[in-house]
Amino acid sequence: MLVSKAQDPKELLPPMATQSQFPSTRFETLEVTESAIIDFPAGLIGLPGRRWALVPAGGESPFRWLHSLEDADLALPVAAPWTFFPDFAVELSDADSELVGSDDPDAVEVLVTVRATTELSGFSANLRAPIVIFEGRGHQLINEAPDAPVRASLQLERLADRAA
Amino acid sequence: MLIITRRPDQKVMIGDDVVVEVLEIVGNQVRLGVQAPQSIRVFREEIWLAVKEENRAAAQDAPQTLPAPAGAAG
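As you go down the protein sequences, you meet chains U and E in turn. The numbering of the first sequence is our numbering, which starts it at 1 and goes up by one. The numbering of the second sequence is our numbering, which starts it at 1 and goes up by one.
Watch out, some of these pointers could steer you wrong.
[As the list claims (entries may be wrong)] According to the in silico footprint, chain E covers these stretches of chain U (three or more CB under 8 Å from chain E): (1) 34-47; (2) 57-68; (3) 95-107; (4) 126-139.
Source of the hints: derived by calculation from the structure; they are not laboratory data. Glycine residues also receive a C-beta, built at the ideal position from the N, C-alpha and C atoms.
Just chain E, with the same shape it has in the complex (with noise of 0.2 Å):
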């Protein structure tokens, strides 16, 4: 792991293209700014991890097929 000190209005070049900038610290908070190529998808870890698992849960759960909703059947 890289480990490195930025101030506030610093950058790190990440390759050719992805930029990532502190804006601000507020007490223990970090304002990040990223630019990064629309290839690149850029996500908080924590949403990412949960959208990850509910995707995969969403294709491992399922069952044969789905119960038809009662409501749904006139």
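Same shape as in the complex, but just chain U (with noise of 0.2 Å):
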């Protein structure tokens, strides 16, 4: 409905701003460029909302945050999955390489999910259902690659061969 669209304190925002602020139960102010919005358009599985927008962890972290722009408490981590799985090889089916809309390696951004924990050997990765982002938009695919696990431990050592 509109009239309360209206009233969405979020939708009062300059459309123009380069920045934006938005609330956050992890940070404290949450300022976006507007480069960093990602839309999608299905959302992502089985989490609500639509807009999302990508934050850096922080220092030289290979992770980054995929912020809801829409609940102040949801947020993911997520890394590109090449930083562990040096291997990792996405396969998409037909349609949904189409909903893409790019088939250009080199022109999407590929990110997987990460199961945190306080400790970093605890983490892991799923490999299933990478989100691939072209252009602002992005979609949680699934992966036909046959080994793809849905939790799959971080590849650790590869960090430590890429400093040493």
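Build the complex from these two chains, which are given one at a time in their own frames, with help from the hints.
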């Protein structure tokens, strides 16, 4: 309903602002530039909302936060899969490739969601349902590659190799 | 729940846009073809459930700050 939408404070933000503030329980202030905002037309599987932003996790961290712009409580750690899984491959169905809007691997950004704990050794990533982003639009898609577990332990030795 | 009997090559319409076709039946396996508009995502149920669980767990379990990997600091 249009009337209730107009009363939503988020709708009152100036549309041309290059940097916008959003409510967040994780960060004191969540400032997001336009370019970091990603529209997920079909949302993330099982989670509410379609507007999300990629937020750095600080310092040299290989992780970022995928933070909901509609729910202050909702943020998932994500990472570039190849940082931890050098052999990672994405195979998409024809329908999903069409959905992404590009079949150029260099043009799309691929991320995996990360299940984090207090210890890095307990982290895992979801290789079965990567997030593919192209021109500000994101989709969480099913990876048809044969070896793509929902919960794959991060290969941390990769990081050590890179640092050495 | 609607229960209907279909043979191979027969279809079921869901609304005006979604078509489910029985392609083949081999033993205890049925191959289905699903045609749906882009706005309707089609998943195998067990994968959809697993990903939903994983997404929710990733959002709920994340600590306030993520531990920095030793290798990433350099």
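Hints, verified against the model:
Only residues whose beta carbon comes within less than 8 Å of a beta carbon in chain E count, and the segment 34-47 of chain U has 6; three or more means the coverage holds. Coverage of the segment 57-68 of chain U by chain E holds. Counting CB-CB distances below 8 Å, 7 residues qualify, and the rule asks for three or more. Under a criterion of three residues with beta carbons nearer than 8 Å to beta carbons of chain E, the stated coverage of the segment 95-107 of chain U is upheld, 3 such residues being counted. Counting residues of the segment 126-139 of chain U whose C-beta sits closer than 8 Å to any C-beta of chain E gives 3, which meets the bar of three, so the coverage hint holds.
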